[in-house]
Amino acid sequence: MDTDGELRIDAPHRELLDQVLDKWSLGVLNELCERPCRFNELRRAIPAVTQKSLTATLRRLERNGVIEREVVSTRPVAVRYRITPLGKTLRQPIDVLLAWASEHMPTIERARDAFDTREETSL
1 MDTDGELRID
11 APHRELLDQV
21 LDKWSLGVLN
31 ELCERPCRFN
41 ELRRAIPAVT
51 QKSLTATLRR
61 LERNGVIERE
71 VVSTRPVAVR
81 YRITPLGKTL
91 RQPIDVLLAW
101 ASEHMPTIER
111 ARDAFDTREE
121 TSL
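Each residue of the sequence shown is one higher than the one before, starting from 1 at the first, in UniProt numbering.
Each hint can be trusted.
Simulated crosslink set (DSBU-like; lysine-lysine; CA at most 30 angstroms straight-line):
1. Lys52 with Lys88
2. Lys23 with Lys52
3. Lys88 with Lys23
The following label-pair restraints were derived from C-beta to C-beta distances:
4. Arg14 with Thr50: 24 to 34 angstroms
5. Val72 with Gly5: 46 to 56 angstroms
6. Arg75 with Leu16: 36 to 46 angstroms
7. Ala111 with Ser53: 27 to 37 angstroms
8. Val72 with Ala114: 44 to 54 angstroms
9. Arg14 with Ala48: 20 to 30 angstroms
10. Thr74 with Thr117: 52 to 62 angstroms
Keep in mind that the hints were calculated from the coordinates and are not lab data. From the three backbone atoms N, C-alpha and C, an ideal C-beta is built for every residue, glycine too.
Based on the sequences and whatever the hints tell you, model everything.
Written out as C-alpha cells, the structure reads:
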C-alpha cells in the first residue's frame, strides 16, 4: 500500500483487487447491491456469463467475505446470495473508479487510437 508517499501494491492487495474488480464480479456485485438473488436470477441478469464462470465468481466473492451464500429450505433446496456489510463498502470506491473512467474515456480512446495507428504503421 501507500508508504511514505510511494504507492506500492503488494501481492495480497493485487490478488484481492483482481478478484473483486474482474469482469463478472462487478456485474454480480451490481446485482446484489440491489437485492439478494438466486443463482439463476444472476444468470439471467448477466446473460453472457457461463454457469462455470458465475460459480467461480460467487465462490471467490464469498471466500473474500464480500457476499454470503444462504441455503433456503424450500423444495427443491435453493441458494440465495446477498452482499455483506463488507461488500457494501466496495460501492463507493467502485463508483469513484467508474466516474474516473467515464470522465477520462475520451482521452483514453484517443491514446488507444494513436497507439494503434503507430503500431499499424510500424508493421
